[in-house]
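All chains, please: the whole structure from these sequences, using the hints.
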Amino acid sequence: MNVAIFILFALLCLGGALNLLLQRHPINSALSLIVVMSSLSVLYLLLGAEFLALAQIIVYSGAIMVLFVFVIMLLNAGEEERTHGSRAAYFAGIPGVLALFAVLAGTFVTLRLSFGGTRLGAFLVTTGDLSRVLFRNLLLPFEVTSVLILVAILGAVVLARKEH
Amino acid sequence: MNEPMTPSMIAFSPALRILPEILMTLTGVLVMLVEAVLKPRTSRKPLGIVAILGTLAAIAASVYQLFLPAGTAFFGTVQSDAFSVFFHLVIGCIVLVTLLISLDYFEGHTSFVGEYYALILFGATGMMLMTCSVELLMVFISLEISSISTYILAGYRKRSATSPEASIKYFLLGSFATAFFLYGIALCFGATGSTNLYEIAKGVADGASPLLLTVAFGMMLIGLGFKVSLAPFHVWTPDVYEGAPAPVVGLMSTAPKAAAFAVLLRIAYGAFGTAIHIWMPLVWIMAVLSMTIGNLGALTQRNVKRMLAYSSIAHAGYLLVAFTALAPMGIAAASFYTAAYAAMNVGAFGIISYLSGYNEARTSLSDFAGIARRHPVAAAAFAVFLISLIGIPFTAGFFGKFYVFTAAINSGNAWLAVLGLLNSGVAAFYYLRLLAQMYMVPVEPPREADTAHARPAFILAMAILVLAVFALGIFPGRILDLARAGAATFSGPANAASQTVPVALLRR
Amino acid sequence: MTVPIVWYLVLSAALFSIGVCGFLIKRNIITIFMSIELMLNAVNLAFVTFANHWHQVSGQIFVFFVMVVAAAEAAVGLAIIISLFRSRNTLNVDQIDLMKL
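Residue numbers (the working numbering), protein chains in the order written: chain P, 1 to 164; chain C, 1 to 508; chain U, 1 to 101.
Because the hints were derived from the structure by calculation, they are not lab data. There may be inaccurate statements among the hints.
Said to hold, decoys possible - Each computed SDA-like pair below joins lysine to any residue, with the alpha-carbon atoms no more than 25 Å apart: (1) P:K162 <-> C:K202; (2) P:K162 <-> C:A57; (3) C:K202 <-> P:R112; (4) C:K202 <-> P:M73; (5) P:K162 <-> U:N92; (6) P:K162 <-> C:V37; (7) P:K162 <-> U:T90; (8) P:K162 <-> U:N89; (9) C:K158 <-> P:M73; (10) C:K45 <-> C:E107; (11) C:K202 <-> P:L113; (12) C:K45 <-> C:A57.
Stated by the list, open to error - Over 10 Å on every C-beta distance to chain C, these chain U residues come out as not near it, computed from the model: (13) V10; (14) A14; (15) I25; (16) V43; (17) E73.
Predicted, not measured: the structure shown is a model, and the values here were computed from it. Cβ coordinates follow ideal geometry from the N, Cα and C atoms, glycine included.
Below, the structure written as structure tokens:
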């Protein structure tokens, strides 16, 4: 059962990611990214991260991607053109990406025995567990995030507002 | 406080460990609040002065931290010690000088001057936090604060065509780099089960999978390499430095880099200290590539800002040479180099901001012809910074290079030092070409836009930097002692707790 | 029946590589930015997987913070894109080349 769910949603993930790559229109890419994010949230559930699974849908698919779609609509972005620059990126980039994947996947596969396996319920983090660590041990990073958000607000105001 | 309190330790609030950051944040908030009540179209200079006072307070608070026993606070997320104080002082001074340079720079050109000061203060908060975090989560959040504020600052000349372009290039490549850095952290967590640098060090020493650790360090190095513009991850540097406003370039080519190098030092010597063989070859290759690509690239540039961008890549390479040296020496050399490089580079970009004006129409090599006649004082200051960048004795650059290369030779990396010296020779050529252009080329008829006159704040900033360049070049001792005390905190948390060196150093 | 942890990790490596690939070959700035978001999601999957492997909550907390940062980055990044679009009227990276690389 676990394996079946994993395979189904992993394939959805990969399909969505590849579709993001292949689509020419940014809206299609954005929608495929939402597919990736939503299927990832199911995988989070399988790994026992129930709070993150919901946050993934609410924050990522709900807020961030809606912002993306909104900007695409606002700027009325059309299909991307194939230009000279992309040819160079194909020749130089694709081998690099393949090498990166080979290194990462090779490392993981080499160490597969030390990782073992997991199934639903093997490790379950409740929201309570999460908040105990978040609001105690990691309180300072949590507070510092407010500075980050302040910077983001300032940036949005400075960049998007017209000079008067 | 989670560590056991020993009787000798006086009880104090953990907030003192992040006092400079708290002061910076509060000043930033204050600037934002006052900005809201100021009338539009009035001078924003009072805000700049508030920001400067806040920065001075933060610098004083950093010095005060030297008197605290080194240790961690907030459940082991931050650690204040001589090392963090050293980098706090470097960053604080860079921010102070940048604020002085910018005090008149943006007046009348943009309606977001108040936001500019707030962004610099918040960015500085992030950079300072980076240098005292010993928890990778904390490093990540503060790295993002520092990066996001610099992305915005790079695009501050909104009416120019190049500034938004610089901003988007910096943003895209910076976020790309962050993703690599994060993947490195994830792998590190996967190998050791923790994101705390001391726990990671324990895991590394106890034989966590070397393969996974190597890939983890490689990914983190890629991420930080982008941020400090090390070859081969330097492609964004010339474009961003050319497009961003010159005072901002002075800031972003030094302060975030100092913070990122501090993080790299903490990760390399602190967390991966028992696995030097893992990262030494990677660092070696990147040092050679950065020095060579930076200097060769600078040779071909006709635009002074682009030339200095390539030179900053080369300087990041020299700094990385120090990483190949053994622990206390290498850390001290790298720290000292950061300070020396900051003084001369902020100065060089400050002079460019003055000579080429707000619109930066005059940044090509030929525009600097005969500058010595028209602006003798500015040209003299520029000459000091360039001579220091070459590394001529009695300037900061000389001792920076001297310590780095001696550290490398003493640790058996003579070849790297030889390569570095060869590179310095190549570098001398393009700096001297600019100097010759300024001093030797006959004066052209004065142009109509040459009415720029320096403001007191700008003159003060340049005076501070020229003095710093000479002070570091003639009396490097005290700064080096502080850098050494910082390096000594890496011998282990136990040793760091009983630290008295820097206090003696101040009372000397 | 258990799922080998390495499957999750290889999936995360694949998503990350696809993200890098998208960053390199896509020509629309917004799509390039989405590729970065894909890379961050791949990192999140790795964190959650390792948190499961080590039975450590801190790995999941990291994901929580990555989400916050991603939201802040999205706000700033899209604002930069809008300001760029106002001055250039294009979203194609090859036309944003006033300065040569």
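Against the structure, test the hints numbered earlier, and report the numbers of the ones violated in rising order.
-> 1, 2, 4, 16, 17
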